[in-house]
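Student: Which chain is which? The protein sequence lines are R and U, in order. In short: position in the first sequence from 1, add 741, done, that's our numbering. In short: position in the second sequence from 1, add 6, done, that's our numbering.
What the hints contain is simulated information worked out from the structure, not anything from laboratory work. Here the structure is a predicted model, which means the values were calculated and not measured. Wrong hints could be hidden among the right ones.
[Claimed, not checked] Over 10 angstroms on every C-beta distance to chain R, these chain U residues come out as not near it, computed from the model: (1) HIS25; (2) CYS31; (3) TYR49; (4) LYS72; (5) ASN75; (6) SER78; (7) SER94; (8) GLU103; (9) TYR106; (10) ASN109; (11) GLN124; (12) ALA130; (13) SER148; (14) LEU176.
[Stated by the list, open to error] List of simulated lysine-lysine pairs, DSBU-like, C-alpha gap at most 30 angstroms: (15) R:LYS1010 to U:LYS159; (16) U:LYS72 to U:LYS159; (17) R:LYS767 to R:LYS1010; (18) R:LYS760 to U:LYS12; (19) R:LYS880 to U:LYS11; (20) U:LYS159 to R:LYS880; (21) R:LYS747 to R:LYS880; (22) R:LYS747 to U:LYS159.
Glycine is no exception: its CB is placed at the ideal position from the N, C-alpha and C atoms.
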Amino acid sequence: MLLLNKFTDYLTTDFQQPKAVRVFCKGVLLAVALKLIFLWPVSSMVLQYHALESDDSLVKAFLMLPSILAQHYPALFLGISLAFLCVAFFLSWNYITAVLFLLLIINLNRIQFLMSNGGDSVVLMLAVWMIGMVDNPAKEERSRVVRYFIFNVAVLLCQVQVVLIYFVSGWDKVSSVVWRTGEAFAYIPHLDFMFNQGFTEFLSDSVTNAILSWMTIAFELTFVIAVWFGKTRLWVLAIGTVFHVMIAITLSIPDFAAVMIVSYLIFLKDSDYTRLRSHVTRFLP
Amino acid sequence: MDQLKKRLTLAAIVLLAVHLSIAGCLTIGTPTRNTFTLFYNRYLLPGPFFNEQHIQISPHLLIAYKSNNAWSSLTDYGAEKFSTYVKSPWRYAALKESDYLRNIMRRSYNNIGDRTFQEYRHDAEFNELNRYVLGEVMQGISVDSIHLVYVFKKYDGTMKQVHVDTMLNLYYNPLQVVTPE
């Protein structure tokens, strides 16, 4: 009962870690904007050749209006999208911006799906939960309680989703003979459409491959638990950041790595930023 | 107000419990494939990434063209774009272009099945591939014929060898590819 009361207070008495959540939302916006800029030339090119399928339902057609604009005027669509992301970055996060952002992500995924990877699915997932992450309190008490609840549940579910990514991935690997024996790291260098061949020699030994394989499995499954505890949270996020940077370099998926690192911001607390600021100001003259 | 708070909290607990249960069943169990499980896996349970299936085959598309009665050499344009990215990592667009070429070839090939060229030349996917090859690979050169060779390179962990399987070997006149309505 005490636990239930504590959880009730956690969900319904105030916005939990609002500053950290704002930083997370801005991080996601920045990641999407940067990807849009880097992808601009090839997005315009792909739209010359790729005809988007027509939509049967009126609702779907309405939701996909931006991608219809993109098909005919790609530069205009990309320009408007970038302008929206820039404005949203500087505004306070609100429900209208959040819904428009989700709509943008759905349309971007539709336009760019032939160039997409897991990172785009993760951004879509984050965009859904970001709708609830609005920390403007209402005047009336009942509405205020509901807003606190929506905010805190959205943050919690977003954290659960990120944790599930690692759980699904880790479980799949531990269930696979190829991953348990380390053979997966012998296969990976032969994915020559994505593997940076500069690292081939490093993966030529079966013992090294087995160690790397189990390190990957251990990290993914440990993350599921360790991220929820104060003593291990920052450590596992730091290790995860290094893990994803290495993957970005070796497997040429910088966008996936960037999205996963940005998703870690949802696990930070307001006090983490206060501590970071005091560490930084200590070194300033 | 306390009643409202308690009800909201119970709703959140139920939602979490249901979501985690479904996620657990779909991940650890072997559920049947239906609309619900497909939707859940796609939108609510991203991953797994780099599972066994995805790390065994490396697809490649080699392209050659005939112009002024001479054939060019078979070139892996996707690999060239990838190599551009590896040498200059800020050229992210080159990486994504190689992804695009690989994906449209995969989609075209998956649709071809046992059909003849005369049948699949109407496909939207093959048409897109043809237009991309003419527009970006040939870049306006007048070509009489195009040669596509689509191969799967598969690494055999036991024999420590790479097997190359030719999945498609096609000579065709690009003007015969019909734009779908």
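Student: Which of the stated hints cannot be reconciled with the structure, identified by number in ascending sequence?
Tutor: Hints 1, 3, 8, 9, 10, 12, 15, 20 and 22 not satisfied by this model.
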